[in-house]
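Residue numbers (my numbering), protein chains in the order written: chain A, 1 to 278; chain B, 279 to 590.
Read the hints as simulated data drawn from the structure, not as lab findings.
Possibly wrong hints are sitting among the right ones.
Unchecked claim - If you want a taste of the chain B side facing chain A, the calculated C-beta under 7 Å gives, among others:
(1) Leu325
(2) His329
(3) Val332
(4) Cys349
(5) Met369
(6) Gln372
(7) Pro377
(8) Ile521
(9) Gly522
Computed from a predicted structure; not experimentally measured.
Yeah, the Cβ is synthetic: ideal placement off N, Cα and C, and Gly gets one too.
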Amino acid sequence: MKDMSIAQLQNTCVDLKKNVISMIYKAQSGHPGGSLSVAEFMTACYFHEMNVDPQNPYWPDRDRFVLSKGHVCPAQYAALAMKGYFPMKELDTLRKEGSILQGHPNMKCPGIDIPTGSLGQGLACAVGMAIAAKLNGQSYRVFSAVGDGECNEGEIWEACQTAYKYQLDNLVVFVDYNNLQLDGTCDEVMPPVDLGAKFRAFGFDVYEINGNDMAEMVKALDLAVATKDGKPKCIFGHTVKGKGVSYMENVCGWHGTAPNEEQYKQAIAELDTQYVSC
Amino acid sequence: MSETVKLPTRDGFGDEIVALGKENPDILVVDVDIGKSCKTGAFRQQLPQQHLNVGIAEQNGAGVAAGLASCGKIPFVVTYAAFGSMRMCEMIRQEICYPKLNVKIACSHGGVTPANDGASHQAIEDMGILRTIPNMTVVMPADYWSARKLVRAAAEFNGPVYLRFTRDAIPVIYDESAEFTIGKAHQVQDGKDVAIIANGDTVRLAIEAAKVLAAEGISARVLDMHTIKPLDVEAVTACVNDIGKIITVEDHNILNGLGSAVAEVVAESGKGILRRVGIQDQFGQSAPYERLLAINGVTVEHIVELAKELNA
Numbered sequence: 001m002k003d004m005s006i007a008q009l010q011n012t013c014v015d016l017k018k019n020v021i022s023m024i025y026k027a028q029s030g031h032p033g034g035s036l037s038v039a040e041f042m043t044a045c046y047f048h049e050m051n052v053d054p055q056n057p058y059w060p061d062r063d064r065f066v067l068s069k070g071h072v073c074p075a076q077y078a079a080l081a082m083k084g085y086f087p088m089k090e091l092d093t094l095r096k097e098g099s100i101l102q103g104h105p106n107m108k109c110p111g112i113d114i115p116t117g118s119l120g121q122g123l124a125c126a127v128g129m130a131i132a133a134k135l136n137g138q139s140y141r142v143f144s145a146v147g148d149g150e151c152n153e154g155e156i157w158e159a160c161q162t163a164y165k166y167q168l169d170n171l172v173v174f175v176d177y178n179n180l181q182l183d184g185t186c187d188e189v190m191p192p193v194d195l196g197a198k199f200r201a202f203g204f205d206v207y208e209i210n211g212n213d214m215a216e217m218v219k220a221l222d223l224a225v226a227t228k229d230g231k232p233k234c235i236f237g238h239t240v241k242g243k244g245v246s247y248m249e250n251v252c253g254w255h256g257t258a259p260n261e262e263q264y265k266q267a268i269a270e271l272d273t274q275y276v277s278c
Numbered sequence: 279m280s281e282t283v284k285l286p287t288r289d290g291f292g293d294e295i296v297a298l299g300k301e302n303p304d305i306l307v308v309d310v311d312i313g314k315s316c317k318t319g320a321f322r323q324q325l326p327q328q329h330l331n332v333g334i335a336e337q338n339g340a341g342v343a344a345g346l347a348s349c350g351k352i353p354f355v356v357t358y359a360a361f362g363s364m365r366m367c368e369m370i371r372q373e374i375c376y377p378k379l380n381v382k383i384a385c386s387h388g389g390v391t392p393a394n395d396g397a398s399h400q401a402i403e404d405m406g407i408l409r410t411i412p413n414m415t416v417v418m419p420a421d422y423w424s425a426r427k428l429v430r431a432a433a434e435f436n437g438p439v440y441l442r443f444t445r446d447a448i449p450v451i452y453d454e455s456a457e458f459t460i461g462k463a464h465q466v467q468d469g470k471d472v473a474i475i476a477n478g479d480t481v482r483l484a485i486e487a488a489k490v491l492a493a494e495g496i497s498a499r500v501l502d503m504h505t506i507k508p509l510d511v512e513a514v515t516a517c518v519n520d521i522g523k524i525i526t527v528e529d530h531n532i533l534n535g536l537g538s539a540v541a542e543v544v545a546e547s548g549k550g551i552l553r554r555v556g557i558q559d560q561f562g563q564s565a566p567y568e569r570l571l572a573i574n575g576v577t578v579e580h581i582v583e584l585a586k587e588l589n590a
């Protein structure tokens with residue numbers, strides 16, 4: 001790990017986003033907006049930071065990933081396929097009967113450490129995994145992505161209290177602050193006020209970054225996992241919902257809508273221009 | 279064992295979980311700030327490294343337990359039945375039962391036993407709610423010793439189990455040597471005129487009723503159906519075929535609990551007559567435990583009356 005340059009990670013992230021668009025287009029169902037806003041975190045975790053073995057997905061010492069905002073699983077499925085957990089062609093089965101790639105993640109899919117989908121619940125599970133590492137004297141870390149809208153859920157804050165109490169400096173929580181939820185902006189639906197400050201008040205070390213900037217993401221992740229001060233970590237990422245596809249960016253309607261053929265072609269064409277030279 | 283000895287079944291849990299924790303360091307208790315009341319005090323004192331308290335945050339408690347279980351631990355989340363079944367319900371569904379993780383939900387204050395606490399704390403819906411979730415096993419022991427045995431059986435069983443105990447003291451009806459298997463009815467006595475199928479704190483009522491009936495020439499088979507899911511269909515079917523007259527008794531709403539589970543089997547058999555004794559689909563109030571049962575007709579007298587009607 002950590003052998004990819006920022007430019008290589010950026011290009012991997014473009015690949016991941018193209019896979020996200022492609023699988024949601026083929027399924028004609030899924031959540032593209034949040035899958036794109038969380039893509040840099042997903043890429044940095046799987047291709048830079050996390051200690052995992054795709055050939056041995058249940059290795060007890062692996063780093064864990066908990067996608068608390070489970071509806072953006074196309075981003076995780078793409079990462080898992082690209083890592084080699086299962087063949088790339090499996091991505092075409094998203095949301096189809098019998099597929100390991102359910103509409104929201106479950107543990108039949110190799111690489112999924114806990115099922116999610118009903119919001120607010122994944123972070124508590126991530127906390128349990130991090131506590132287990134401390135109890136067992138294991139060195140694995142737990143990475144979790146939560147949505148800004150998801151922070152409406154009280155259980156998120158219950159989990160944060162527990163993370164502080166048990167001094168989980170092996171837990172990294174990414175807050176995908178794209179400022180849009182299903183029914184409208186965060187401010188319209190439920191004002192988040194100073195969401196990053198809330199995590200700080202709950203005892204987290206908070207790293208506030210541009211969550212769609214790979215260099216900032218990698219720097220924050222490296223710092224978060226290196227800081228062994230007994231405090232849980234929050235990477236508070238300002239992101240753009242639909243990032244990378246112009247007509248999806250900051251448009252609430254792309255929360256859970258699949259592109260049609262023309263939109264699909266445009267999205268792939270736009271993403272193709274985003275590769276950088278390495 | 280003298281029937282004058284009375285103990286809450288939560289005490290059976292509290293004693294057995296200490297023994298289990300000493301044998302297996304992966305067994306954990308996850309408290310939600312009612313550990314003293316749920317009898318985890320000894321565990322906390324003797325096994326502090328295996329004890330967590332996540333505060334008054336039941337939903338989080340269930341999620342933390344799921345995370346622990348996904349990493350090989352065997353957590354017992356300990357709370358009251360009303361909270362363990364309803365406050366935690368969706369977390370139990372998504373994070374514990376859906377992935378079939380090895381988490382035990384161990385609840386004191388089952389049924390109307392938190393009597394004077396009032397309706398907010400009385401759990402009359404819990405077993406029915408959890409019975410409808412795939413992969414869940416639902417158990418209520420009838421006394422102190424069966425509680426100990428079934429807690430141990432739950433720890434040895436790989437998968438989610440909901441365990442329900444009493445707050446109030448109830449008669450000790452078994453001795454230490456009695457054996458209990460999850461999913462298998464425990465036959466207290468055999469009989470030919472009526473089958474009384476009870477669980478939890480009402481098994482004692484079934485036994486008392488059987489004594490009264492025996493004096494009047496009616497012979498009752500008494501089953502302790504401690505596990506309502508998976509239900510011992512074979513034992514119920516035997517009651518249908520051997521006797522054909524069945525009374526269920528439970529400290530739970532008559533909807534969706536033991537009576538409903540038995541009714542499903544009886545109805546599909548196309549044979550037999552069933553009467554259900556239980557909480558009459560109404561909320562309770564602060565009142566003595568025995569009064570709350572009486573208000574709902576969960577009494578020895580009512581069971582006897584129904585048995586006589588069925589044998590008239």
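Are there hints from earlier that the structure breaks, and if so, what are their numbers? 1, 2, 8 and 9
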